[in-house]
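There are 2 protein chains.
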Amino acid sequence: MGKLLIVGTLAFDAIETPFGKTDKILGGAATFIGLAASQFKVDGAIVSVVGDDFPEDYLNLLSSRNIDLSGVEIVKGGKTFFWSGRYHNDMNSRDTLVTELNTLADFDPIVPEDYKDADVVMLGNLHPNIQLSVINQMTERPKLIILDTMNFWMDNSWDELMDVIQHIDVITINDEEARQMTSEYSLVKAAAKIHEMGPQYVVIKKGEHGALLFHKDQVFFAPALPLEEVFDPTGAGDTFAGGFAGFLAESKNISFENLKKAIIHGSNLASFSVEEFGTERMKRLTKEEVNMRLTQFQKLTQFDIDLK
Amino acid sequence: MGKLLIVGTLAFDAIETPFGKTDKILGGAATFIGLAASQFKVDGAIVSVVGDDFPEDYLNLLSSRNIDLSGVEIVKGGKTFFWSGRYHNDMNSRDTLVTELNTLADFDPIVPEDYKDADVVMLGNLHPNIQLSVINQMTERPKLIILDTMNFWMDNSWDELMDVIQHIDVITINDEEARQMTSEYSLVKAAAKIHEMGPQYVVIKKGEHGALLFHKDQVFFAPALPLEEVFDPTGAGDTFAGGFAGFLAESKNISFENLKKAIIHGSNLASFSVEEFGTERMKRLTKEEVNMRLTQFQKLTQFDIDLK
Chain A
712 MGKLLIVGTL
722 AFDAIETPFG
732 KTDKILGGAA
742 TFIGLAASQF
752 KVDGAIVSVV
762 GDDFPEDYLN
772 LLSSRNIDLS
782 GVEIVKGGKT
792 FFWSGRYHND
802 MNSRDTLVTE
812 LNTLADFDPI
822 VPEDYKDADV
832 VMLGNLHPNI
842 QLSVINQMTE
852 RPKLIILDTM
862 NFWMDNSWDE
872 LMDVIQHIDV
882 ITINDEEARQ
892 MTSEYSLVKA
902 AAKIHEMGPQ
912 YVVIKKGEHG
922 ALLFHKDQVF
932 FAPALPLEEV
942 FDPTGAGDTF
952 AGGFAGFLAE
962 SKNISFENLK
972 KAIIHGSNLA
982 SFSVEEFGTE
992 RMKRLTKEEV
1002 NMRLTQFQKL
1012 TQFDIDLK
Chain B
712 MGKLLIVGTL
722 AFDAIETPFG
732 KTDKILGGAA
742 TFIGLAASQF
752 KVDGAIVSVV
762 GDDFPEDYLN
772 LLSSRNIDLS
782 GVEIVKGGKT
792 FFWSGRYHND
802 MNSRDTLVTE
812 LNTLADFDPI
822 VPEDYKDADV
832 VMLGNLHPNI
842 QLSVINQMTE
852 RPKLIILDTM
862 NFWMDNSWDE
872 LMDVIQHIDV
882 ITINDEEARQ
892 MTSEYSLVKA
902 AAKIHEMGPQ
912 YVVIKKGEHG
922 ALLFHKDQVF
932 FAPALPLEEV
942 FDPTGAGDTF
952 AGGFAGFLAE
962 SKNISFENLK
972 KAIIHGSNLA
982 SFSVEEFGTE
992 RMKRLTKEEV
1002 NMRLTQFQKL
1012 TQFDIDLK
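Sequence order for the protein chains is A and B. Just so you know, we're using the working numbering here: the first sequence kicks off at 712 and counts up by one. Just so you know, we're using the working numbering here: the second sequence kicks off at 712 and counts up by one.
Everything labelled a hint here was simulated from the structure, so no lab data went into it. Check each hint, because a few of them may be wrong.
For identical chains, the list gives no copy identity; a pair is met inside one copy or between any two copies.
[To be verified] Here are the simulated DSS-like cross-link-like pairs (lysine-lysine), alpha carbons at most 30 Å apart as the crow flies:
no.: 1; residue 1: 917; residue 2: 904
no.: 2; residue 1: 963; residue 2: 854
no.: 3; residue 1: 998; residue 2: 900
no.: 4; residue 1: 1010; residue 2: 904
no.: 5; residue 1: 1010; residue 2: 927
no.: 6; residue 1: 790; residue 2: 827
no.: 7; residue 1: 917; residue 2: 927
no.: 8; residue 1: 917; residue 2: 790
no.: 9; residue 1: 963; residue 2: 790
no.: 10; residue 1: 735; residue 2: 854
no.: 11; residue 1: 787; residue 2: 900
no.: 12; residue 1: 994; residue 2: 735
no.: 13; residue 1: 917; residue 2: 1010
no.: 14; residue 1: 963; residue 2: 1010
no.: 15; residue 1: 900; residue 2: 994
no.: 16; residue 1: 752; residue 2: 790
no.: 17; residue 1: 752; residue 2: 787
no.: 18; residue 1: 854; residue 2: 927
no.: 19; residue 1: 998; residue 2: 927
no.: 20; residue 1: 790; residue 2: 732
no.: 21; residue 1: 998; residue 2: 1010
no.: 22; residue 1: 917; residue 2: 900
no.: 23; residue 1: 917; residue 2: 752
no.: 24; residue 1: 854; residue 2: 917
no.: 25; residue 1: 732; residue 2: 900
no.: 26; residue 1: 904; residue 2: 732
no.: 27; residue 1: 732; residue 2: 998
no.: 28; residue 1: 732; residue 2: 827
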């Protein structure tokens, strides 16, 4: 049973897709990461901030999954971070309609004492200085520090981002962001440049086109499971990261071979997350469903070839 | 040693990429298919048409690869099909600058007697009526008929296309074309609709994002090998089809398991084709290089996962 420390947003999301729209529902990177990671045998903890408008039911959902919430600050009279977005017909692109930082604007993460020796730290997409602050509070160097980021921080906090990624092991980033970060179109070249910036493992997320794991001269690819319907992609990347981090926290093995498995587990869980709005699908996901789909992943990608 | 009948263009290509440009060089679907298929133990034959401006060297290259050219009509005083295109910076899209059909405009395919009992027929991208004419000349139903097509025929010869695909086993088509053909964005749904149109196997090519093989409820995915540089994508799809068809003609086994291997062989050969202009890379490709990269494909995609 490994310890996994998760830093990221707890949020309200309002989502429009070609299939329908929601009012404010449970969202946020830490939520999706936590729900995915809770599929594994881990002692999880979330460091985050919400207002007192954040429903207790949402907190109870997370704590019922063996996720410690003592690191979640509840700001009296404050409002919880709110994001609203509308997906285009292809579901691959979206417009942000509203971003209200609210209590997130002054977020000062405090790592609970019990998790300052966490095995794995998953730094969800946040200001690089917040991510760095968490790393600096650890009393023992975690076995693995994973960082997710996005183009917004490249545009606005480049130096701080370059600083924090010196201190991490794995960066997860999407393909367009990897290109922006390195000015390289080829993802092979982009990954090589990102290696030089610090992280020894580079995970490039390609959405419906799968994910690549780079480590030195090695590369591994996991496809996204071909689905009849993608209903709501919100949180897919965080679910992927949560499955990745959760599996590694449980197995406490950070070899390339084991990171490959983690990529498959992350891809597998993300394939469920997109099937319904928000966290709906992840909330009632069973071990049997997870295993059945892992078998589908094997069938999708495994082959025997005879060299001649 | 299986017999493989290839129908497709022999052509001059003039190509512009961000890396440089060529004068008229050897191109055409049948050329790329033939060179790829010749990596396998097959008796190949090409049915095509050229003008007498088509260099003997080009024909000799193909016949030196055990490809019978008795079905290639050489039109006296005629000019060979010419295509010219310019790739955009991302190498994923291109503009056609020139298309001169020339002798291709009146192409009437004649299948050589020796190949009317071919094991595998690979119908390169051509007018559906030409593809159907070849099928009708076969004296024995081939073990496998593979057809490649494109959006141009969907726009201009829909009924003829719907007719010919009643008679084939495998269709290869790219993702955008599969969507156009079925009005379905989901490739899973698109493949299901294409199944209903005739072919029991549907191969959807996604370029740098790999290829999917659908058969009834089964699906298999082969990634494209992540490359440092894509130098010239011309012929990648045909090289893929040639590797696919060549492997199946050699093995004479049309089970789903064997088609999976064929997809990997096709993807493997296509990864070489794009490394240099036109046919340059394929011309000097060795068995050792092919095997080495097959090993890379294995490493790229194979994993062990323990279900719990």
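Okay, the hints, checked on the actual structure:
1. 917 with 904: both (18 Å within a copy, 26 Å between copies)
2. 963 with 854: within (8 Å within a copy, 51 Å between copies)
3. 998 with 900: between (38 Å within a copy, 27 Å between copies)
4. 1010 with 904: between (33 Å within a copy, 22 Å between copies)
5. 1010 with 927: both (28 Å within a copy, 14 Å between copies)
6. 790 with 827: For residue 790 and residue 827, the Cα distance is within 30 Å only inside one copy (28 Å; across copies 75 Å).
7. 917 with 927: both (20 Å within a copy, 27 Å between copies)
8. 917 with 790: Neither: 33 Å inside a copy, 44 Å across copies.
9. 963 with 790: Intra 37 Å, inter 66 Å, cutoff 30 Å: neither.
10. 735 with 854: The answer is neither: 37 Å in one copy and 57 Å across copies each exceed 30 Å.
11. 787 with 900: Answer is neither; intra-copy 48 Å and inter-copy 49 Å both fail.
12. 994 with 735: This pair counts as within: shortest intra-copy Cα distance 17 Å, inter-copy 60 Å.
13. 917 with 1010: both (21 Å within a copy, 19 Å between copies)
14. 963 with 1010: both (27 Å within a copy, 23 Å between copies)
15. 900 with 994: Classified as between: cross-chain Cα gap 27 Å, same-chain 38 Å, threshold 30 Å.
16. 752 with 790: Answer is neither: 33 Å inside a copy and 69 Å across each miss the 30 Å cutoff.
17. 752 with 787: neither (33 Å within a copy, 75 Å between copies)
18. 854 with 927: Within. Shortest intra-copy distance 19 Å satisfies the 30 Å Cα cut-off; inter-copy 44 Å does not.
19. 998 with 927: For residue 998 and residue 927, the Cα distance is within 30 Å only across copies (27 Å; inside one copy 34 Å).
20. 790 with 732: Within. Shortest intra-copy distance 22 Å satisfies the 30 Å Cα cut-off; inter-copy 59 Å does not.
21. 998 with 1010: both (19 Å within a copy, 28 Å between copies)
22. 917 with 900: both (16 Å within a copy, 21 Å between copies)
23. 917 with 752: Within one copy, since 28 Å is at most 30 Å while 37 Å is not.
24. 854 with 917: Within one copy only: 26 Å inside a chain, 37 Å across chains, cut-off 30 Å.
25. 732 with 900: between (39 Å within a copy, 23 Å between copies)
26. 904 with 732: between (40 Å within a copy, 28 Å between copies)
27. 732 with 998: Only inside one copy: residue 732 and residue 998 sit 29 Å apart there, 55 Å across copies, limit 30 Å.
28. 732 with 827: neither (40 Å within a copy, 58 Å between copies)
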